[in-house]
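2 protein chains.
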Amino acid sequence: MTGWLAIAGLGPGDGTLVTPEVSAALACATDVLGYAPYVARVPVRDGLRLHPSDNRMELQRADDALRLAAAGRNVVIVSSGDPGVFAMAAAVFEALEASPQWQGIAIRVLPGVTAMLAAAARAGAPLGHDFCAINLSDNLKPWPVIEKRLRLAAEADFAIAIYNPRSAGRPDGFARALEILNEAGCGDRIVIFAHAVTTSKERIETLSLREARPEMADMATLVIVGNSATRRVGRWVYAPRRAP
Amino acid sequence: MTGWLAIAGLGPGDGTLVTPEVSAALACATDVLGYAPYVARVPVRDGLRLHPSDNRMELQRADDALRLAAAGRNVVIVSSGDPGVFAMAAAVFEALEASPQWQGIAIRVLPGVTAMLAAAARAGAPLGHDFCAINLSDNLKPWPVIEKRLRLAAEADFAIAIYNPRSAGRPDGFARALEILNEAGCGDRIVIFAHAVTTSKERIETLSLREARPEMADMATLVIVGNSATRRVGRWVYAPRRAP
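Here the protein sequences line up with chains A and B, keeping their order.
The first sequence begins at 6 in the numbering used here and counts up one residue at a time.
The second sequence begins at 6 in the numbering used here and counts up one residue at a time.
Please note: incorrect hints may appear among the correct ones.
Said to hold, decoys possible - Going by beta-carbon spacing under 10 Å, a handful of chain B positions derived as facing chain A: (1) Pro-17; (2) Ser-28; (3) Pro-88; (4) Ala-95; (5) Glu-99; (6) Leu-122; (7) Gly-129; (8) Pro-131.
The set of hints was computed from the structure by calculation and includes no laboratory data.
All figures in this text were calculated on a predicted structure; none of them were measured in a lab.
Ideal Cβ positions, reconstructed from N, Cα and C, are used throughout, including at glycine.
Throw the hints in and build the complete structure from the sequences for me.
This is how it looks when you write it as structure tokens:
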């Protein structure tokens, strides 16, 4: 058996947002690895081994997946959303670089609907003009880099998608991010809090940045800060196509 | 019959990247509107009216779609990629704002795999760290705004996804964008040219920004400029998870 490794995105949560390409890979996999809540979304069947693991185990998981593929297994690593956006694809390539003996393994990256696209769709079209995506976790980058990027993103008048805004281990960063954006003159901008988007627990809140409170976000929240021209029409929020 | 309007993303090209949610909407639509090459990707069937239109007709197309939905039709507007990223969703909300009588129409935005995610997947994981997306078309924004955003994106050390880099009507902007990024010290960064990604005409080129030539891009190209830490492993390009 010739092994392979697919790094797949399951989309934001709803099964109708899993691409047929990803479903097909899962249907012929022998092994599925990933953070436990994502592995739990994969349909079980005879002959499929599930390897759920903990959140901070990215490099170990990538190594395990490469080892299984090298041994001839058909392996899928699953991420929520898109595997290339703050998810497992980069970790796999890091692991691959550290282990040249595996560089002949057949690898595919299977894209998915990342959280900011699903959140934007529920809210309207806040990413209809130029935008950026910033991971607020400082586990792998110094906090001053995040602050600098927030300030430059505000100056560029990008809409800003904020991933991983807040967790039990990082309770304060998002509060500071809101302060920075308020200081940068973004107080009147519209902010979207998209909680658990496309799941049964989905909740979308929109308000001005000035009114936003840190407690409105947790790890299941994707935050989108509109640009200076972002506006409402009825229940919708959108970025006009003309430059602000 | 109660009309509705779905604004749907068909993904980058390959049929296996169309979400089941979008396929389901198309399966029960009475009318499909969109730029002609995108409408041509919709499976034809009895009872489905196709309304292809020209590229620059976004607001007219949005008006037409709202009028059909108001008359009780089940309408899908199709975009390539994701409808919220430099595509039809913002145009529909602009049209809706201009026509309050239609604000009761049931509207849904159905997300899709936008070109930068598919391009990134083919190349590796160049969007694995913070990034931005800039539409290089100056049809709806002044060119100086684009220049300012490119400079700030370079200063923030974002990976930069460039949509619509070059067309027959805009032959010079992308050359200027490369100059700006070279002047900003990005000459050593890895650039990915992803042509017609996931189609039979797909072609992926990676080289340094300094070596990049304007003619390498056209309207079917998505360009990703890596951040300063983006690197190669074998045929892959990825952004390490640690901050550059």
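Structure-based check of each hint:
| no. | hint | result |
| --- | --- | --- |
| 1 | Pro-17 | holds, 8 Å |
| 2 | Ser-28 | holds, 8 Å |
| 3 | Pro-88 | holds, 8 Å |
| 4 | Ala-95 | holds, 3 Å |
| 5 | Glu-99 | holds, 6 Å |
| 6 | Leu-122 | holds, 4 Å |
| 7 | Gly-129 | holds, 6 Å |
| 8 | Pro-131 | holds, 8 Å |
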